[in-house]
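Top line first, the protein sequences correspond to chains A, B and C.
Sequential numbering of the first sequence, starting at 1, is according to our numbering.
Sequential numbering of the second sequence, starting at 1, is according to our numbering.
Sequential numbering of the third sequence, starting at 1, is according to our numbering.
FYI, nobody ran anything at the bench for these hints, they're computed from the structure.
Treat the hints with care, as some may be off.
[As the list claims (entries may be wrong)] Over 10 Å on every C-beta distance to chain C, these chain A residues come out as not near it, computed from the model:
id	residue
1	G88
2	M204
3	G224
4	S302
[Said to hold, decoys possible] Label-pair ranges, simulated between beta-carbon atoms:
id	chain 1	residue 1	chain 2	residue 2	range
5	B	P47	C	V167	20 to 28 Å
6	A	G203	C	T261	38 to 46 Å
7	C	W172	B	L23	28 to 36 Å
[As the list claims (entries may be wrong)] Going by beta-carbon spacing under 7 Å, a handful of chain A positions derived as facing chain C:
id	residue
8	A95
9	W99
10	Y104
11	N114
12	L116
13	Y159
14	H161
What you are looking at is a predicted structure, and each value in this text was computed from that prediction instead of being measured.
Heads up, the beta-carbon is just placed ideally off N, CA and C, and yes, glycines get one too.
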Amino acid sequence: MTTQPILRVDHLKAHFRSSYFGVYREVPAVDDISFDVAPNEIFGLAGESSSGKTTLMKTIAGLITPPLELIGGKAQFSFMPPETNLYGADPAQLARIRWSKLSYIMQGSMNVLNPLRQIRSIFRDFAAVHIGGSNSDFETKTVNHLSRLRLDPSVLDAYPHELSGGMRQRVTIALATICRPDFIIADEPTTALDVIVQKEVLGMIRSIQREMGSSVLFVTHDMGVHAALTDKLGIMYAGCLVEAGRTADIFNAPQHPYTRHLIHSLPRIGDTVQRTGLTGTPPNLANPPSGCRFHPRCPLASDICRTERPMMRQIATEHRVACHAVAGDDA
Amino acid sequence: MKRIIFDLLKYNNEFRIGVFLILIVMTMAGLSFFSPYPPNDVFVVPPDAPPSADYWLGTTSRGQDVFWQLSIAIRNTLAFGLLVALLSRVISIVVGLSSGYLGGWVDRVLMAINDTFIVIPLFPILILFYFVLRDSMSTILLALIMSSLGWAYDSRLIRSVAMSLKTREFTGTSVFSGMTIFEILRREHLPYVLPIIFSTTLNNMNWSIGLEVTLAVLGFMDINTPTIGGMIYWANQHTAIVAGIWWWVTFPVLTVVATFVGLYLIAVSINEYIDPRSRLSRMGGGQS
Amino acid sequence: MPAYFNFAIKRLWQFVLVVFIGINIAYVITHVTPIDPVEQSISAVTSFGNTSPEAIADMRRSLQELYGLKGDWIEQYISFWRRILQADFGPSLSAFPAPVTSLIARALPWTFGLLAFTTLVSWSVGNLLGALAGYYRNNRSLKFFGVLAMALHPVPYYIVALSLMIVFGFIWPVLPITGGSAMDVQQGWNWQFVASVFHHSVLPALSLIMIGIGSWFLGMRSLVSNIITEDYVVYAEIGGVAQSRMMGSYIIRNALAPQVTGLAMSLGGIFNGAVITEKIFGYPGLGTLLVDGVYAGDYGLVLGVTSIAIIGVSLSVLVIDLIYPLIDPRVQVAS
Ligand SMILES: Nc1ncnc2c1ncn2[C@@H]1O[C@H](COP(=O)(O)OP(=O)(O)OP(=O)(O)O)[C@@H](O)[C@H]1O
Ligand code: SF4
Ligand SMILES: [Mg+2]
Numbered sequence: 001m002t003t004q005p006i007l008r009v010d011h012l013k014a015h016f017r018s019s020y021f022g023v024y025r026e027v028p029a030v031d032d033i034s035f036d037v038a039p040n041e042i043f044g045l046a047g048e049s050s051s052g053k054t055t056l057m058k059t060i061a062g063l064i065t066p067p068l069e070l071i072g073g074k075a076q077f078s079f080m081p082p083e084t085n086l087y088g089a090d091p092a093q094l095a096r097i098r099w100s101k102l103s104y105i106m107q108g109s110m111n112v113l114n115p116l117r118q119i120r121s122i123f124r125d126f127a128a129v130h131i132g133g134s135n136s137d138f139e140t141k142t143v144n145h146l147s148r149l150r151l152d153p154s155v156l157d158a159y160p161h162e163l164s165g166g167m168r169q170r171v172t173i174a175l176a177t178i179c180r181p182d183f184i185i186a187d188e189p190t191t192a193l194d195v196i197v198q199k200e201v202l203g204m205i206r207s208i209q210r211e212m213g214s215s216v217l218f219v220t221h222d223m224g225v226h227a228a229l230t231d232k233l234g235i236m237y238a239g240c241l242v243e244a245g246r247t248a249d250i251f252n253a254p255q256h257p258y259t260r261h262l263i264h265s266l267p268r269i270g271d272t273v274q275r276t277g278l279t280g281t282p283p284n285l286a287n288p289p290s291g292c293r294f295h296p297r298c299p300l301a302s303d304i305c306r307t308e309r310p311m312m313r314q315i316a317t318e319h320r321v322a323c324h325a326v327a328g329d330d331a
Numbered sequence: 001m002k003r004i005i006f007d008l009l010k011y012n013n014e015f016r017i018g019v020f021l022i023l024i025v026m027t028m029a030g031l032s033f034f035s036p037y038p039p040n041d042v043f044v045v046p047p048d049a050p051p052s053a054d055y056w057l058g059t060t061s062r063g064q065d066v067f068w069q070l071s072i073a074i075r076n077t078l079a080f081g082l083l084v085a086l087l088s089r090v091i092s093i094v095v096g097l098s099s100g101y102l103g104g105w106v107d108r109v110l111m112a113i114n115d116t117f118i119v120i121p122l123f124p125i126l127i128l129f130y131f132v133l134r135d136s137m138s139t140i141l142l143a144l145i146m147s148s149l150g151w152a153y154d155s156r157l158i159r160s161v162a163m164s165l166k167t168r169e170f171t172g173t174s175v176f177s178g179m180t181i182f183e184i185l186r187r188e189h190l191p192y193v194l195p196i197i198f199s200t201t202l203n204n205m206n207w208s209i210g211l212e213v214t215l216a217v218l219g220f221m222d223i224n225t226p227t228i229g230g231m232i233y234w235a236n237q238h239t240a241i242v243a244g245i246w247w248w249v250t251f252p253v254l255t256v257v258a259t260f261v262g263l264y265l266i267a268v269s270i271n272e273y274i275d276p277r278s279r280l281s282r283m284g285g286g287q288s
Numbered sequence: 001m002p003a004y005f006n007f008a009i010k011r012l013w014q015f016v017l018v019v020f021i022g023i024n025i026a027y028v029i030t031h032v033t034p035i036d037p038v039e040q041s042i043s044a045v046t047s048f049g050n051t052s053p054e055a056i057a058d059m060r061r062s063l064q065e066l067y068g069l070k071g072d073w074i075e076q077y078i079s080f081w082r083r084i085l086q087a088d089f090g091p092s093l094s095a096f097p098a099p100v101t102s103l104i105a106r107a108l109p110w111t112f113g114l115l116a117f118t119t120l121v122s123w124s125v126g127n128l129l130g131a132l133a134g135y136y137r138n139n140r141s142l143k144f145f146g147v148l149a150m151a152l153h154p155v156p157y158y159i160v161a162l163s164l165m166i167v168f169g170f171i172w173p174v175l176p177i178t179g180g181s182a183m184d185v186q187q188g189w190n191w192q193f194v195a196s197v198f199h200h201s202v203l204p205a206l207s208l209i210m211i212g213i214g215s216w217f218l219g220m221r222s223l224v225s226n227i228i229t230e231d232y233v234v235y236a237e238i239g240g241v242a243q244s245r246m247m248g249s250y251i252i253r254n255a256l257a258p259q260v261t262g263l264a265m266s267l268g269g270i271f272n273g274a275v276i277t278e279k280i281f282g283y284p285g286l287g288t289l290l291v292d293g294v295y296a297g298d299y300g301l302v303l304g305v306t307s308i309a310i311i312g313v314s315l316s317v318l319v320i321d322l323i324y325p326l327i328d329p330r331v332q333v334a335s
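The whole structure should be built from the sequences, with the hints applied where relevant.
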């Protein structure tokens, strides 16, 4: 690949550190994660609940408030001056890129809309500065954009509590795309929708993304969605990125034992054999296992796995894995 | 509960200040048992003496030692506040828990009555009581009246806690595991409700003591039982401020202010301990 | 609109209930207690001096009529309500023969003015400062104000008023400490009178504000420090919503709803505070009237002020309740 990535995440580390009435807790929710996202690409991120997906998104977006702390590494967007994270960037700079270059769809969009504000005003608050033009121009643009997500113009007059969960989710998606940003972070944007609406909305995200040429960082634990939507895929386990590559490659030839488990547990037509589940429970991130964090549940675990943490290694073009049992070049 | 107090003492400044103030006030109240003078006797010491080595806080125009008078007064005032708080707790807990757990029309009826008691201005009602009862008004009777009027605010709070507990998951599981309702309440809900009840107790004490002081100052109370309000009442009767007998007013006021601030700080810090959201701010969360 | 209509009906019911229960409490106190209020009043009045036996008998008769002690309890109860609803509390004993109603009518504007002004000031200033303190947590002067509020807020009205009185009446006597206006100024709409009213209301207003502002400040501060962690605020921050918009329409706007409810719920307590503050500063409002009525054994006056207080406070609560949906459109659906 010769094109510049639009986002380069480089050894990013962010931990939750809290001390509350004498109880100290440190949760390494984002631990040494690196990957690139190219322009015009949908990068998917999968992993079970509490593996740190949301925390990673927030860290990348510079939303680092206590108890979350940035420990090290970078998340560099190409539209930012070199060597600057969003976190700690100059506020004027941030105001310029927010929503016009980078937008975010938060997980659980039930509460992301101000309950005491009409949808019209919310759109104005977020987007009017970037879109400009007269009020009626803005209104027309908004109505047109809403219609792409099958939303009636009347939602503009509604308060969030007057909309259904699915409508609210679509409003959030509309809000995140109306300024045609270069980069969209979407954290479980379709989880609250029923299957049919979900399919429709995914299709719309795809077509909007294609049309605008933006990049999307798409988080979901639903492997089926990844298969259908994403170009690249990263697999997270217990705060670490364990495998990353082209979605097709990962689905065809998963390397990491955890990825294999995820993909093989997908139901397929013509299944006859009972699929074996993963033994053990997800690790407690406040006290993660030594070495490879997957070793207590890994069928391939050996001695080295218990003591030494596996590094990400290149095993094929654009395919990296962090596992002692998989041979490859250091990445 | 023991754990909470220990943690608070160790990590919370407001709690420490509060406990410190209350300890001083309680020591003062405890000393009343060693008073050399019977509390209601007058002219046992030279009147109008300023604070000195003999009379630490001075003496009153009625020939009482302010220090010893104050110790019995704060004891009675605290006991009064405690009595009102304990009695009214019974009503708030019963109303709050039944409203919160039973819901439905019970909740609606109880809350309509509850809100009525929140809205009604109680002071004129208390005055009306005094107006009718006059000399029959005793401290105990006033405590009874006040506790039957001053429960509503806290029962709303207890109700909201009960409602949030009701929907928590563990209630579901323990219902399936066959615990009786009583057991569920005692084992799973009481530990959450208890600290809140404790902090409402303190706030209610502040409320009732404040009203008691006010009523007594106006003379609308049994002024022969020494209380903080009663002391200020007698000082006003002798126009102590104009006469320059400042110690007769200042020390009771300081003592009762220490009580108010102490109780309030303890209540606030317990609330903060219980509220998981305030943990964030403890760590300096939010904007800077 | 039908949603609002239903909502309004509900609030109206609550208002009726409050007045009903409140007035019934007053009835029970004055009629069901074992103490004979007539003899109580007579002894209160006669204890001040020599009154002839005929006058006492006269008084007993008119008092019995006033108290509605004639007939069985149903008749008594009905006549009690009739008097309240007609706002007819008979002649005042202490200001005979002026009717109680006219005394109340004279005092009411004073109390209303004082309370409306101080409540508005302490509510809005307290909330504004509290919002700033919750948002800018590390600001030195706001932190200091917080400590001050913590120390002042739990102190009862009486103590604060007394302290102000000592400071400005004796230690540094620059403000009038008693009355509603200067004695030598003609009451009416002239400049001198208005100035005098303001001058005299400084201390009572100050003590009411000092107590009130702290609780609004503390309440708002903790509300705001919770609201800034809400998803919609965090989201607006990522969305680059302008600071002023954020503060106004996202943070304060959302904290306002509980504070308005809080205002409705504390009006009763605020009135209690006004009673004692008025008495201390000799302010010619309902509070002074009430307390003096008790001293003078004036039954009609005490009952009248109590009833007016119950009705007035619940009416103000009703007004706040009715405008509440403007602040939070969700309630109409919820209720
Ligand atoms: N505010 C917080 N304070 C302390 N720990 C936190 C906080 N938020 C999240 N964590 C911890 O960080 C870890 C990662 O959480 P995160 O929300 O990133 O998971 P996730 O992968 O997005 O899960 P899900 O699929 O359920 O959304 C979890 O172990 C969680 O307990
Ligand atoms: S490093 Fe070891 S424990 Fe970890 S996934 Fe690979 S084989 Fe399993
Ligand atoms: Mg998540």
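- prompt: Can the hint on Y104 (chain A) be confirmed by a CB-to-CB distance to chain C that is less than 7 Å?
  reply: Given a least distance of 5 Å, the restraint on Y104 (chain A) holds.
query: Is the shortest C-beta separation between Y159 (chain A) and chain C less than 7 Å?
result: Where the cut-off is 7 Å and the nearest Cβ of chain C is about 5 Å from Y159 (chain A), the hint holds.
- request: Hint says 38 to 46 Å; check whether the CB-CB distance for G203 (chain A) and T261 (chain C) agrees.
  value: holds, 45 Å
L23 (chain B) and W172 (chain C) - C-beta distance against the hinted 28 to 36 Å: holds, 35 Å
Exclusion check [G88 (chain A) not at the chain C interface, CB over 10 Å]: holds, 14 Å
message: Quick check on the hint: A95 (chain A) CB to chain C CB, less than 7 Å?
response: holds, 5 Å
task: Verify that the Cβ of M204 (chain A) lies farther than 10 Å from every Cβ atom of chain C, and report whether the claim holds or is violated.
output: holds, 20 Å
- request: Classify the hint on H161 (chain A) as holds or violated, based on whether any CB of chain C lies nearer than 7 Å to its CB.
  value: Holds: closest Cβ of chain C sits about 5 Å from H161 (chain A), inside 7 Å.
message: Please check whether W99 (chain A) passes as an interface residue: C-beta within 7 Å of a C-beta belonging to chain C.
response: Interface hint status for W99 (chain A): holds (5 Å vs cutoff 7 Å).
query: Does L116 (chain A) meet its interface restraint, that is, does its C-beta lie within less than 7 Å of any C-beta in chain C?
result: With Cβ-Cβ at 5 Å, under 7 Å, it holds.
query: S302 (chain A): least C-beta distance to chain C exceeds 10 Å?
result: holds, 43 Å
- request: Answer holds if the nearest beta-carbon of chain C is closer than 7 Å to that of N114 (chain A); otherwise answer violated.
  value: holds, 5 Å
When held up to the earlier numbered hints, the structure conflicts with none and fits them all.
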